[in-house]
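Undergrad: Sequence:
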Amino acid sequence: MEFKPFENKVWLASPTMHGEEIKYVTEAYETNWMSTVGANIDAVERITCEKLGCKYAVALSAGTAALHMAVKLAGVKPGDKVFCSDMTFDATVNPVVYEGGVPVFIDTERDTWNMDPVALEKAFEIYPEVRVIVVAHLYGTPGKIDGIKAIADRHGAVIIEDAAESMGASYKGKQTGTFGQYNCISFNGNKIITGSSGGMLLTDRKEAADKVRKWSTQAREHAPWYQHEELGYNYRMSNVIAGVVRGQYPHLEEHIAQKKAIYERYREGFQDLPVSMNPYDAKYSEPNFWLSCLLIDREAMCRQVRSETEALYISEKGKSCPTEILEAIAALNAEGRPLWKPMHMQPIYRMNGFVTREGNGRARTNAYLEGECPDVGMDLFDRGLCLPSDNKMTPQQQDVIIEVVRQCFQ
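Using the working numbering, the first residue of the sequence shown is number 177, and each one after it goes up by one.
Read the hints as simulated data drawn from the structure, not as lab findings. Be aware that one or more of the hints could be misleading.
Computed list of lysine-lysine pairs in DSBU-like fashion (alpha-carbon distance at most 30 Å, straight line) [said to hold, decoys possible]:
no.: 1; residue 1: LYS325; residue 2: LYS348
no.: 2; residue 1: LYS253; residue 2: LYS227
no.: 3; residue 1: LYS231; residue 2: LYS253
no.: 4; residue 1: LYS227; residue 2: LYS199
no.: 5; residue 1: LYS185; residue 2: LYS517
no.: 6; residue 1: LYS231; residue 2: LYS348
no.: 7; residue 1: LYS568; residue 2: LYS231
no.: 8; residue 1: LYS185; residue 2: LYS568
no.: 9; residue 1: LYS348; residue 2: LYS382
no.: 10; residue 1: LYS325; residue 2: LYS231
no.: 11; residue 1: LYS382; residue 2: LYS227
no.: 12; residue 1: LYS517; residue 2: LYS253
Treat the numbers as computed from the prediction; the structure is a model and nothing was measured.
Using the sequences and the hints given, assemble the complete structure.
TA: What follows is the structure in C-alpha cells.
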C-alpha cells in the first residue's frame, strides 16, 4: 500500500505554542524590558525552582551556556580528565573542552540507554584522579542516577547533570536536574517546553548561583565604572525569551502527557514486529517521553554500512535497518533521525579515552568498521532511530507512520 505524503510536514519535535507566550513577550516589549533583566526572567527562575525542586535557577542564553558554567563551577582545569556520557549530543561534552578538560567517555547500559554505572566504576579504576562526571539523560529517560551518585560520592567526584532532554522527568519521585551539584536544562526549540532558545543552571548552592549570575554578565564587579577582575561571558537569558518560557511552563505536564501517548501508540502499533522501543524502568522512573525511539532486533537487521557521512543498505524480505525506515518516513514528508552517534566514535573525540564495563574499550572500536558492534552505544547507534514525536502529530498521521514502518519489514 502506498501513502500520499502529508501536506504539512510532521516534525521530529517542534515548538507547540499556546497563546500565553505572546502576552509576556508583549509585556516585555511594552515596558521596554528587552534586555537581560526583567519580570519574565525573575518569574521563570522562580517557577523553575518550584517545579523542579531546586533552590536556585539562573536563566541563561542556552543549555550549552549552562553546561559551560557548570563545568567552570566544578573547577575543571586544562588537562583534567572528566567522565562523560558517551551516547549524547556533543553539546553535553563540548563545554568540558571549553575549559581545557579532556573528556573520557563512559559506555551506555541497555536498561535506559544512559551512562552505565558498572562502566563508571571501572573507569575510576583506570583514572582514579578524575573528580568530575557529566551525565546526560537520553531522550527524556532518567538514567540510573542514584547508582552513579553513589559511585561519585565514594570517589569524591562532582556530578554535573545534563537534563536538557529530560526536564519534567523524575527518578524515584525526584526531578532530573536536581541530583548533581550543578545541573542544566534547555529551552531550545525542540525541547519539551521552549523559549526558542535559552537554558538554566540549577543548583542548591547560593554561592554557585551568584557566581554564575556574575560570570554570565561579563563578570562585572561592584563599582561605579566597568570593573573586571576575571573572565566573563555574555550568557544571560533575555527578558523576551523568558517571556516565551513563562508562557510555556503551564503546559509542561500537558506536553509530557501528549508525548507519552505518542510513545504508547507506537509501542502498541509495533508489538508484533522484531523491534523494541527506548526502554525505561517503570518501577523507579517516569520519563518525559521527549522522543520515541525504535531499536531493531539484531536478527531482523538487513545489511547496512555507514561511512562518516553516508549510509547504504541492501533491502531484505522480513528485515530492515534504520536507513531504510528513515527513508520511508521521509517519503511521507515526516522527520525521523538516527540515534545519537556515540561520542567515542566522533572524529573530534576519537583519540579520547573510552571505558566499557570490561575496561578500556578503544581496542575494540575498529570492529565497527568490520560490521561488528561490540559496545552498547555502538550497537544502539547501528540498530536504532528516532521516530516522529511531535505533539501536534495527529493519531491518524501516526497510524500512517506506523504502517509505513511495518511495510519495511514485509
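Undergrad: Against the 30 Å threshold, does the CA-CA distance of LYS517 and LYS253 hold or violate the hint?
TA: Status holds; Cα separation ~27 Å.
Undergrad: Holds or violated: LYS185 and LYS517, Cα atoms, limit 30 Å.
TA: 25 Å, holds
Undergrad: Within 30 Å, alpha carbon to alpha carbon, are LYS382 and LYS227?
TA: Holds. LYS382 to LYS227 sits at ~18 Å (cutoff 30 Å).
Undergrad: When you check the alpha-carbon spacing of LYS568 and LYS231, does it fall within 30 Å?
TA: 33 Å, violated
Undergrad: Between the alpha carbons of LYS325 and LYS348, is the straight-line distance 30 Å or under?
TA: Within the cut-off at roughly 14 Å; holds.
Undergrad: Verify the proposed pairing of LYS185 with LYS568, using a straight-line Cα cut of 30 Å.
TA: 11 Å, holds
Undergrad: Check whether the Cα positions of LYS231 and LYS348 lie no farther apart than 30 Å.
TA: The given pair, whose Cα atoms are some 19 Å apart, holds under the 30 Å limit.
Undergrad: Take the C-alpha atoms of LYS227 and LYS199, compute the straight-line distance between them, and say whether it is at most 30 Å.
TA: 21 Å, holds
Undergrad: LYS325 and LYS231 were given as a pair; does the straight-line alpha-carbon distance stay at or below 30 Å?
TA: Distance ~19 Å between LYS325 and LYS231 Cα, so the pair holds.
Undergrad: Can the restraint linking LYS253 and LYS227 be considered satisfied, given a maximum Cα separation of 30 Å?
TA: 33 Å, violated
Undergrad: Hint check: LYS231 vs LYS253, CA-CA at most 30 Å. Holds or violated?
TA: 27 Å, holds
Undergrad: For the pair supplied as a hint, LYS348 and LYS382, confirm whether the alpha-carbon distance does not exceed 30 Å.
TA: 25 Å, holds
Hint compliance for this structure: hints 2, 7 are not met, and every other hint is.
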